[in-house]
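**Q** Protein chains in written order, with my numbering: chain R, 27 to 278; chain D, 52 to 409.
One thing to keep in mind: the hints can contain errors.
The calculated lysine-lysine pairs, modelled on DSS-like cross-linking and capped at a C-alpha distance of 27 Å, are [claimed, not checked]:
#, chain 1, residue 1, chain 2, residue 2
1, D, K68, R, K156
2, D, K380, D, K57
3, R, K195, R, K255
4, D, K208, R, K156
5, D, K68, D, K56
6, D, K68, D, K57
7, D, K57, R, K156
8, D, K380, D, K68
9, D, K291, D, K208
Simulated from the structure, these hints should not be mistaken for lab results.
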Amino acid sequence: MSLLVAEGISVSFGGVKAVQDVSFSINEGEVFSIVGPNGAGKTTIFNLISRIYNTTGGRLFFDGVDITRVPAHSIAHLGIARTFQNTELFDRETVLKNLLIGAHIHRTSNVLSDLFFLPGVRRQELAFRKAAEDVIDLLDLRSYRDQVIANLPYGVRKMVEIARALCLKPRLLLLDEPSSGLNPEETEDLSFWLEDIVEDLGITVAMVEHDMKLVGQASDRVLAMADGKVIALGTPAEVQTHPEVLRAYLGD
Amino acid sequence: MRYLKKTRYLQDINLFKHNGQRFWYGLLLLVMCLAPLGLDRFLLGELSLVYIYAIAGVGLMLLVGYSGQVSLGHAAFLAIGAYAHAYFLNLGWPFPLSLFTSMLLTGLIGGLVAIPVLRMSGIYLAVATLAFAVIVEQTLTHWESVTGGFRGMLVPKPEFFSADLNAYIPFYYLCGGVLILVMLAGLNLLRSPTGRAMVAVRDSETSAQSMGINLARTKSTAFAISAGFTGLAGGLFAHKIGYLAPDAFTLLTSIQLLLMVVVGGLGSMHGVIYGAIFIGLLPSGIAVFRDAVPPSIGQIPGLEPGVFGLILVLFLIYEPLGIYGRWQKIRLYFEEFPLYRRSTYKRQKTYLRTERLR
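When you get a sec, could you build the whole thing from the sequences and use the hints?
**A** Take a look at the structure:
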């Protein structure tokens, strides 16, 4: 069953048509990769899904609900979490606090109960902490728990960002170039974690990725784009040998 | 170097992390309570003023230090709190009700002002809040039926169960007690989802939004709470100065409040206290300075705003983390002695921010 459906979405910035009439659907429980040369519009598609940009045409459906015009902060509540290409963490806080912010959508407390830190808020904090610790265990971040983000190496920050997204307990996880800035070993680990995320947590993953090895290993289906248009959609092997894809990367 | 072995999640949630902290804060509370025994009338009055500044400081710190929204108009909220409190007292309301209502009223006004103002950010926000402060100042001058205009307004003496709170010792305890309550409320916010949402908005709006945080609501909540606490401080401030006139709440007051949180250390509750002590005692310091230097220098008009501005600029350039940041560095130096590394706190440049959205 399709979890996310894009029907002919387009967006243009001034005269630049960043995404033109792109349609695809992401099935529940799969790893869906978007590949393409720089400037193909991959990240823009993520920004359209997470409603940072407005689409200028087409429609987006998540689990049957039209999300083309919902406010950006409601996307997380629907069950879509994301990471950013160059990490957008809360730099002056610890890893733990970042993960707790990830749990924000599950809050039941309000400003008043927070002001007095009522027993319910304390219980909620304990529950959030427990959930955060589960994610810390899954992604092996124990030794960084109390460190401030600004002091962490880039590779760890990427993992913290995935961890924070997992704290939302999403149904769909959007990963924007998860392996950029990781060394080959870390990339290897990442592909195993992706498997865990999909199989153990039952989360559908969509990622933008340049590392073809990772794409080949991890993804079920691949969407190839160039200049804002879809050029191929299929299994990793199909897409890698598709003549249009070869032309986009290598030229005529 | 001390390493804390944590065995329970509550250790990260509770206000005190270990018994050492309980001991030191307990000692501080004891000193606060016993201060009237050792201090004379003048110093006790100064200390009460420091507490009042700190109450407003908690409010401003939540807004500037934790939500990342600059306000140059907090004197206006101080004024609204002060005038509302005095007005209600003049109507014959009991003291606690009047103080509480003026806090709520100021918070409400803060929340309403936030809706249009917080569409702006950075320097534009600062200018908008400044404009708000000017509007309030003009209103205070011209709404004579309520505020008394230029003639000003007498603040009735605070009474609670026929106890005279205006005598300097009860007033000292009143300010201290309110400060502790406000401080607790601020700390509670920061360890719960509301405070974390503010921090998220401060550090990355895009990311906060993708985490499901409603930017507009978070910012206006921060503004309302900040205004409410400042209004509360205003109510106490009214008693401190005894007679309200518009010239008690000028741009200089706003700058003074901002100076407090910047000098104390943005993003720390300790910083509020350091900053409040600093600006509470600075005017006395400047007065001493005026007497000590030759009259040709000491009698320069506008020395105070000049010194305030200079200190603000120096702190922004050399110690953006304020007095609290400096204190942390000194403490780390002694903890790690003799292994302290000079570059521990060296500011790093990050080159990874080029593709930030918006």
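**Q** Confirm or reject each hint.
**A** We went through each hint and held it up to the structure:
1. Straight-line distance between C-alpha atoms of K68 of chain D and K156 of chain R comes to about 19 Å, which keeps the hinted pair within the 27 Å bound.
2. As the CA atoms of K380 of chain D and K57 of chain D are separated by approximately 24 Å, the hinted pair is consistent with the 27 Å bound.
3. Between K195 of chain R and K255 of chain R the CA atoms are separated by roughly 31 Å; this puts the pair beyond 27 Å, and the hint is violated.
4. A hinted pair counts as satisfied when its Cα atoms are at most 27 Å apart, and K208 of chain D with K156 of chain R does not qualify at roughly 52 Å.
5. Only pairs whose Cα atoms come within 27 Å are accepted, and K68 of chain D paired with K56 of chain D is accepted, the gap being roughly 10 Å.
6. Between K68 of chain D and K57 of chain D the CA atoms are separated by roughly 9 Å; this keeps the pair inside 27 Å, and the hint holds.
7. Distance hint between K57 of chain D and K156 of chain R is fulfilled; the C-alpha atoms sit about 15 Å from each other, no more than 27 Å.
8. Taking the CA atoms of K380 of chain D and K68 of chain D, the gap is about 20 Å. The hint holds against a cut of 27 Å.
9. Among the hinted pairs, K291 of chain D with K208 of chain D is consistent with the structure: their alpha-carbon atoms are about 10 Å apart, no more than 27 Å.
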